[in-house]
Every structure is written in structure tokens, then in C-alpha cells.
Amino acid sequence: KNEVEQSPQNLTAQEGEFITINCSYSVGISALHWLQQHPGGGIVSLFMLSSGKKKHGRLIATINIQEKHSSLHITASHPRDSAVYICASMRVNTDKLIFGTGTRLQVFP
Amino acid sequence: EPEVTQTPSHQVTQMGQEVILRCVPISNHLYFYWYRQILGQKVEFLVSFYNNEISEKSEIFDDQFSVERPDGSNFTLKIRSTKLEDSAMYFCASSGLTGPEGWGEKLFFGSGTQLSVL
Numbered sequence: 001k002n003e004v005e006q007s008p009q010n011l012t013a014q015e016g017e018f019i020t021i022n023c024s025y026s027v028g029i030s031a032l033h034w035l036q037q038h039p040g041g042g043i044v045s046l047f048m049l050s051s052g053k054k055k056h057g058r059l060i061a062t063i064n065i066q067e068k069h070s071s072l073h074i075t076a077s078h079p080r081d082s083a084v085y086i087c088a089s090m091r092v093n094t095d096k097l098i099f100g101t102g103t104r105l106q107v108f109p
Numbered sequence: 001e002p003e004v005t006q007t008p009s010h011q012v013t014q015m016g017q018e019v020i021l022r023c024v025p026i027s028n029h030l031y032f033y034w035y036r037q038i039l040g041q042k043v044e045f046l047v048s049f050y051n052n053e054i055s056e057k058s059e060i061f062d063d064q065f066s067v068e069r070p071d072g073s074n075f076t077l078k079i080r081s082t083k084l085e086d087s088a089m090y091f092c093a094s095s096g097l098t099g100p101e102g103w104g105e106k107l108f109f110g111s112g113t114q115l116s117v118l
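From first to last, the protein sequence lines stand for chains A and B. Residues in the first sequence are numbered from 1 upward in steps of one, following this note's numbering. Residues in the second sequence are numbered from 1 upward in steps of one, following this note's numbering.
Careful: at least some of the hints might be erroneous.
Said to hold, decoys possible - Derived contacts from chain A toward chain B, CB cut-off under 8 Å, selection only:
id : residue
1  : 33
2  : 39
3  : 41
4  : 43
5  : 49
6  : 52
7  : 60
8  : 92
9  : 94
10 : 101
11 : 104
Stated by the list, open to error - Calculated pairs, DMTMM-like style, for lysine to aspartate or glutamate (alpha carbon to alpha carbon, straight line, at most 25 Å):
id : chain 1 : residue 1 : chain 2 : residue 2
12 : B       : 42        : A       : 81
13 : A       : 96        : B       : 53
14 : A       : 96        : B       : 86
15 : B       : 42        : B       : 3
Hints listed in this document are in silico derivations from the structure and should not be mistaken for laboratory results. Even glycine gets a Cβ: it sits at the ideal position worked out from N, Cα and C.
Build out the structure end to end from the sequences listed, making use of the hints.
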């Protein structure tokens, strides 16, 4: 079993839909990152969370430390949101990020 | 927004040759990382670097790999004798206490170097 599991693996949506991507991790962490990987391969950091909730524009990320679970929400999705979304956990007392396999999101007009 | 720069964008090499992948992290960042992604697979951590030394490395980062910060700006990954299985996209990233509030711990990635070992 992977230390970081994401679901779903693939997600298609119509423009305007509310999107949720889930991430579960199996060991205690100091932080969890949400990243976006564009079709060209480039990676952009969206959020770093250690507790609670963060919001940036149409993106919201939440984390529940007790349940070892995080979610990334996209409100009013748009075709330009189409990308692979990756969660990555950082164990306590380490610099090492453990990556999930990613969720491929396609938003159609 | 500040940028991490990686060169070259593509590198083709023969098995057994040495390659050096170059990165210019964001100025004033303190933490530097190399990751790799084999085609179709997830991103993997290779090494982290802080205060001019390796702070952590993965099992992948064996004696064939080394990192260096030769001057105040460049951060390099050297693979001494490349193998076919080293073919991957290599990403450099940096983070540190810089930029507007909330950016301090954010990771900034370079656009990657696609390494092909023939």
C-alpha cells in the first residue's frame, strides 16, 4: 500500500462543476502539499497545509490530521483547471516529500 | 512571481557518461531539492540540501549521484555514470523564508530537465 493515496485517479467534469480530490496518508506528517502538474510537465505548488483550511481564489484545501486525510476543492471549474493534481506528505522531522500518484482532471466546456 | 531555472531542458546521453543538471534556485531561498519523475510514474524525492550540505537523501540517491552548490546561485545534480533507468524528468525545487506572507514555506519548482539515457 502506498504511503499517500489519492482518489479518484481520473476525473472529468463539465465547466462550472464543483470538484473534490481526496488524499489519505498513513503516517504522521508535519505538512501536506498540494501540487498541480501541467500537461507540459511543469509543477506548481498550490498549498502547504499543516492544519485546518486554506483558500486561494477558486481553490480550497482542507486537512484533518486525526483522520490523516486532505481534500482539494475547485469551485466553478474551468477548462484551464485541467491538469494532474498531486498531494505529497512530509513526515515529521524530515525533508522528504512522499508523493501520491496524482489525479488527472479534465474539465470540458 | 520568482522562478527556479533549470538547464538544459533536454539532455540526451550515452549510458556510462556523466551528466550535470543545473538549477538556479530563487535568490535568498535556503532549502534546495532534487526530484525525479520516470515517465508515467509518480514524482520521487532524491535529495534535500541545506546550509551547504545534504540534509536528507533517498535510497535512489546512491554513490552515482552527487549535488553541489558551487557558488551562491547554482545548484547542480551530477550523475557520474548514467544507466538506462536514470532516464526521467528531473525537477529542482527551492523554498525558504522569502517573499510575501504565505510564500515562505511554499515549494517553487523548476520546469525540469528531461534526461534520456541511450
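Interface hint check: residue 60 (chain A), Cβ to nearest Cβ on chain B, cutoff 8 Å. Holds or violated? Hint on residue 60 (chain A): violated, closest Cβ of chain B at ~15 Å, above 8 Å.
Answer holds if the nearest beta-carbon of chain B is closer than 8 Å to that of residue 52 (chain A); otherwise answer violated. This hint is violated: residue 52 (chain A) lies away from chain B, its Cβ roughly 14 Å from the closest one there, beyond 8 Å.
Holds or violated: the hint that residue 41 (chain A) contacts chain B, with Cβ atoms closer than 8 Å. holds, 6 Å
Under 8 Å is the threshold here; is the Cβ of residue 92 (chain A) close enough to any Cβ of chain B for the hint to stand? With a closest approach of 13 Å, the residue 92 (chain A) hint is violated.
Are the Cα positions of residue 42 (chain B) and residue 81 (chain A) separated by 25 Å at most? With Cα atoms ~20 Å apart, residue 42 (chain B) and residue 81 (chain A) stay inside 25 Å; holds.
Do the alpha carbons of residue 42 (chain B) and residue 3 (chain B) lie within 25 Å of each other, as the hint requires? With Cα atoms ~23 Å apart, residue 42 (chain B) and residue 3 (chain B) stay inside 25 Å; holds.
Per-residue hint verdict: residue 43 (chain A), partner chain B, C-beta under 8 Å: holds, 4 Å
Report holds or violated for the interface hint on residue 33 (chain A), using the least CB-CB distance to chain B and a cut-off of 8 Å. With a minimum Cβ separation of about 7 Å from chain B (threshold 8 Å), the hint on residue 33 (chain A) holds.
Do the numbers back the hint for residue 49 (chain A), that is, is its least Cβ distance to chain B under 8 Å? violated, 10 Å
Could you grab the alpha-carbon distance between residue 96 (chain A) and residue 53 (chain B) and see if it respects the 25 Å cut-off? Distance ~15 Å between residue 96 (chain A) and residue 53 (chain B) Cα, so the pair holds.
Residue 104 (chain A) as an interface hint toward chain B, with CB separation required under 8 Å: Status violated, d = 12 Å.
Interface hint status, residue 39 (chain A) versus chain B (Cβ within 8 Å): violated, 13 Å
The structure does not agree with the numbered hints 2, 5, 6, 7, 8, 11 stated previously, though it agrees with the rest.
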